[in-house]
Amino acid sequence: MVIFDDIRSAAVRTGLAAIDYETTELSPLEGKLTEVNIAVPGQSWSIPVAEPMSKWLAGVRSLYECGAQVVHWKSFFDQSFHPKYGLPLYGNVHDAKAAFWLLEPQDWAPKGLKDRGELEFGVKAIRYHEVDQRSLRQREQYGKQDAEWTLKLYQLAVPLLKQEGLWDIFINVYPRLTPIAVEMRLTGLKVDRTGLLKLKKEFLQEQDDNLHKIRVYRPGLNPNSPAQVADLLYKELKLKPPHPKFLEKGKAGHESTAADAVKYMVKQHDVAGLLLEHREITKLIGTYIEPLLDQSASDPRGRIHSEFNPIGTDTGRWSSYGTAGEGMNLQNIPAKTDRGKRIKKCFVAEEGNRWSRADYQQMELRVNAQIAHERRMTQAFKDGRDLHQELADAIPCKRADAKAVAFGYAYGMWPKKFAIKYAYPLPEARRFRAGYFRMYPDLQAHHACTEMLVRDDPWARTLGGRKFYLGFLPIEGGERMRKALNTPVQGSVADFINRALVDLAAWRDIYGVPFRFLSQVHDEINLEVPDAYAELVAEMLERIMVESAPLPDVPVEAEVTVGDRWLMK
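FYI, the numbering for the sequence shown is 193 to 761, going by my numbering.
No lab work stands behind these hints: they were computed from the structure. A couple of the hints might just be wrong.
Simulated crosslink set (PhoX-like; lysine-lysine; CA at most 20 Å straight-line) [claimed, not checked]: (1) 537 x 392; (2) 536 x 390; (3) 528 x 455; (4) 432 x 459.
Construct the entire structure; sequences and hints are all you get.
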């Protein structure tokens with residue numbers, strides 16, 4: 193097409209082109225491309241799909257491969273449509289959304305192209321709902337603005353990234369994560385429908401048995417009714433919550449039945465535990481089992497497809513979510529409960545393949561030890577000792593209590609909040625905190641230093657140099673302190689995982705090893721690998737995970753398991 197020749201010449205001349213797609217659906221599996229919007233400095237176009245489509249696609253492809261720097265807004269969404277049309281996945285495309293996320297990862301920062309453009313340019317955005325889709329002129333104006341704003345926002349972000357020392361990570365990591373995120377979404381996770389149907393039957397029976405046990409204490413009780421549950425807990429059984437605030441009656445006219453309140457009552461009466469169990473079963477059936485069955489039934493390969501977002505959280509960890517009836521948040525499946533693990537066992541590898549899962553071991557604690565230069569914790573990792581049991585012996589308390597202590601107080605939680613969150617009496621929470629810092633005095637010194645620094649330094653930094661602005665968080669109440677302690681740890685782990693993903697993809701490209709990326713969940717990477725390559729990939733996966741987390745003083749461990757499903761145990 194002649195018009196693409198002209199655009200390509202303009203892109204080569206200016207060295208820069210922004211590309212934006214219009215689609216019929218948000219799902220790349222169901223949706224189709226309708227237009228491509230393109231902008232170069234000083235000029236923009238909106239080009240509808242035209243026949244023969246092969247020429248239209250060749251024109252689009254020529255823009256990516258003309259040598260100009262191509263920019264998207266949310267590249268991992270736009271490029272998720274490429275495989276359907278035979279277009280490659282490009283790992284050198286810059287993402288203006290990722291640029292502004294690196295500059296302002298905070299939750300309150302504008303995330304959408306329109307919102308960010310309005311903020312930066314002071315111009316009203318053309319919103320999708322304002323466009324008459326029957327008007328070619330309005331659709332063209334809408335599409336051109338998307339491409340133009342993507343280009344201008346990128347040009348605005350580049351000097352800021354360089355000024356903040358973020359340019360290298362922007363160009364070397366995030367473009368290469370885009371093809372991985374697209375691959376995860378389009379590959380999907382295969383579901384063992386037979387196993388899932390059996391599990392649903394088991395859960396329904398457990399739910400029924402649980403309901404009979406609850407109704408021993410109150411015949412006819414509906415455990416899904418907060419009013420009835422509050423009446424049973426507070427008035428009939430006279431159980432006490434962890435804090436008086438839970439006794440305040442809300443708009444519905446009853447006391448709180450929030451999980452924190454009910455969890456605290458477990459030690460007071462068996463029915464509290466039964467009510468929590470009922471909630472868990474109900475949620476797992478409605479949020480996971482039934483959607484998994486529905487979505488896998490509609491997919492020809494029996495797989496579910498969730499969107500994975502490398503810039504989905506303020507710490508830098510990936511997020512996972514579903515859109516338009518497709519997929520779900522795979523990171524929210526409770527991995528620590530028996531029932532959650534039973535659901536994960538229903539995700540399986542395709543026949544002829546193996547599921548390879550690599551998981552960092554106690555990575556947050558290791559990063560914490562490195563950042564705080566905590567000598568006792570560092571030595572324990574070097575010796576391979578059980579940190580949680582050592583802490584339990586020192587406090588003293590149960591090992592499960594010590595684990596809660598390690599993950600609660602490491603991030604600046606105070607006894608009052610710890611008591612509510614983990615359902616302990618306040619005196620016990622205070623004793624746990626005192627014992628924790630007796631055990632780890634260097635960590636206590638790090639907390640004291642951080643508390644002083646956050647008053648003057650509005651930034652928290654990961655070990656890799658990413659920054660998080662703390663300045664809008666209040667100092668009083670400890671919110672800024674908690675974020676200052678949490679972000680460097682979780683953010684550094686996120687950086688390590690991203691580096692591992694990039695290096696793993698590069699190794700595959702160089703040696704042609706035919707595995708597929710399935711998901712990135714918490715501290716783990718999941719792959720689907722042909723049987724013949726399973727051992728080789730497992731060995732390299734562990735090596736890359738460890739080498740991607742360069743902690744100078746603390747040893748790093750990654751556990752790799754290979755089997756026929758997500759969880760084997």
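Results for each hint:
1. Only pairs whose Cα atoms come within 20 Å are accepted, and residue 537 paired with residue 392 is accepted, the gap being roughly 13 Å.
2. For the given pair, residue 536 sits about 14 Å from residue 390 by alpha-carbon distance, which is consistent with the 20 Å threshold.
3. For the hint pairing residue 528 with residue 455, the CA-to-CA distance comes to about 16 Å; that is within 20 Å, so the pair holds.
4. The suggested pairing of residue 432 with residue 459 holds, with an alpha-carbon distance near 10 Å, which does not exceed 20 Å.
Going through the hint list in order, the structure satisfies each hint without exception.
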